[in-house]
Amino acid sequence: MKNISRVVSIGAYLSAILVLAGCSSVADYQQPITDLNESMTHSVVTIESIDSQLTAAQNKRWRELVSKDEAFLLEADDSCALGTKSCSLVVIAKGSDQEEAFPVTSMMPNAAKALSGLKGYTEGLKEIVDADTAASIISSANAALASASSIELEIAKAKGQSSTASAIEAYSSPLSNSFSWLISQYIDREKVKALAAATKRAQPAIESLANYYDTAASAAASLKASEALDNFLKAQSRFDDSSMKNTQEINQYLAAVKSYDTALKAGSSEPMKKFLIAHTALNKALSGSEDVSLADAIAAIKEFKKHSEDFKGLVVEFIQVAKEQEAN
Amino acid sequence: MATIEEVGKEFLAQRAEFDALDQLLAKERRAIQKKAIKSGGSMEASDQVRLKEIGSTRHELAEALEIFSLVTLEKLEQSEDVKQLQLEIARVNEMLKDDLQSLEQLVGYADKAAKVAAGLASVAGKVSDLVV
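One line per chain: the protein sequences are A and B, in this order.
Read in order, the letters of the first sequence are residues 1 to 328 in the numbering used here.
Read in order, the letters of the second sequence are residues 1 to 132 in the numbering used here.
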């Protein structure tokens, strides 16, 4: 019995050390990390839409160049012949030796791979916070305690003390509670340590990737703005030249203004910047930085979540306007 | 070969020049139009020609911006650090997998300890039956 009391005391002591050593609990990070992961999904969808729009623009440009004899199509090397395994085309710009697959399937294949890795990263963070390791260990520990109690009773029985109450059973509840608490604290700390190490290591890569996508999004917005400006100037010129400025002509001019307006507004979004702010805050909170609290990290993640939803909405609206334009 | 950061900075600087030029042309167009409105709505022939020139220059500007945007994306994809990014993120993901496995191993150890204890209890039971 004395031994069991000691175990309980040591358990409580160790728990106190563990709690004092690490203040934040993994439960505090569960919701922010879930939000970060969900928002990442929105960002991935948004960036994929941007890529597909850019890819369409690039293919359109190649077609224009080919039609003006400023670029040439030819069969890819080792293709389109008996015994070869595929048939495909490449395009070469006039005066260049560089071959590019035509049609282009993605304007940012390397960054797409990195983005897919980043999605895996936020999922990985979520798996760590969601793992119910402590519960599983506690259940195993309780089973071990029950077995230990049964061993004790069997030994007592062998000694002819069949009516002796089990000491382990008597202490089972406080022992189990202390053990559960100790294990929870230990697992919590291991999880927080793992999350802190991962976010710290990922931070520079995320900064670069955010930089990449912010520039890519700005370039995509510029591309859209240039197309919209072109359409707007055509409408403006038609309006200038028309002698009778009737309702139909005014409406056509207004439609071009609206589409240009949408393109200009979409240009102001930076899909990864908010993610970077949210991740930086999370990284600092997990590392115990004094200048960023967990509350700051949660606020930054909420802001990113809202931003990613808004941006997705803008992209959807833009694509809709672009489709309407194409249909007209 | 430039880095992502360098491509980004160059893009912003060039884009600012495009914007400044287009805004200048748009302002000039507006000034010509306002002058015409002030003089009763009629526009001088030279102003009409200038409006056409402005429109044409802005068309060229739009085309140049389109090409510049596509070239920027190509530069980003060919930047020296983009492939490193994939590798680094893959390494972090491996690290997270290892952490998760370590946590799962803890469950495994606890489970084994419980099974050992259960086994011992069963043996103790059999031994005690023999003794009794």
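A few of these clues could be false.
Per the computed footprint, the stretches of chain B lying under chain A, defined by three or more beta-carbons under 8 Å from a beta-carbon of chain A, are [what the hints assert, rightly or not]:
{"#": "1", "stretch": "5–18"}
{"#": "2", "stretch": "94–107"}
Distance condition first, Cα-Cα at most 25 Å in a straight line; then the derived SDA-like pairs of lysine to any residue [said to hold, decoys possible]:
{"#": "3", "chain 1": "B", "residue 1": "K52", "chain 2": "A", "residue 2": "S243"}
{"#": "4", "chain 1": "A", "residue 1": "K258", "chain 2": "B", "residue 2": "K112"}
{"#": "5", "chain 1": "A", "residue 1": "K68", "chain 2": "B", "residue 2": "N93"}
{"#": "6", "chain 1": "B", "residue 1": "K115", "chain 2": "A", "residue 2": "S150"}
{"#": "7", "chain 1": "B", "residue 1": "K115", "chain 2": "A", "residue 2": "A131"}
{"#": "8", "chain 1": "B", "residue 1": "K38", "chain 2": "A", "residue 2": "R238"}
{"#": "9", "chain 1": "A", "residue 1": "K68", "chain 2": "B", "residue 2": "K115"}
{"#": "10", "chain 1": "A", "residue 1": "K305", "chain 2": "A", "residue 2": "S243"}
{"#": "11", "chain 1": "A", "residue 1": "K302", "chain 2": "B", "residue 2": "N93"}
{"#": "12", "chain 1": "B", "residue 1": "K112", "chain 2": "A", "residue 2": "S136"}
Just so you know, the hints here were simulated from the structure itself, not pulled from any lab data.
Where a beta carbon is used, it is the ideal one built from N, C-alpha and C, also for glycine.
Structure-based check of each hint:
1. 5–18: Since three or more residues must qualify, the claim that chain A covers the stretch 5–18 of chain B holds, with 7 doing so at under 8 Å.
2. 94–107: Our answer is that it holds, as 10 residues pass the Cβ test (under 8 Å) against chain A, meeting three.
3. B:K52 x A:S243: With a Cα-Cα distance of about 16 Å, the restraint between K52 (chain B) and S243 (chain A) holds, given a limit of 25 Å.
4. A:K258 x B:K112: 68 Å, violated
5. A:K68 x B:N93: 47 Å, violated
6. B:K115 x A:S150: With Cα atoms ~13 Å apart, K115 (chain B) and S150 (chain A) stay inside 25 Å; holds.
7. B:K115 x A:A131: 22 Å, holds
8. B:K38 x A:R238: Judged against 25 Å, a Cα distance of about 23 Å means the pair holds.
9. A:K68 x B:K115: Status violated; Cα separation ~77 Å.
10. A:K305 x A:S243: 50 Å, violated
11. A:K302 x B:N93: 24 Å, holds
12. B:K112 x A:S136: 12 Å, holds
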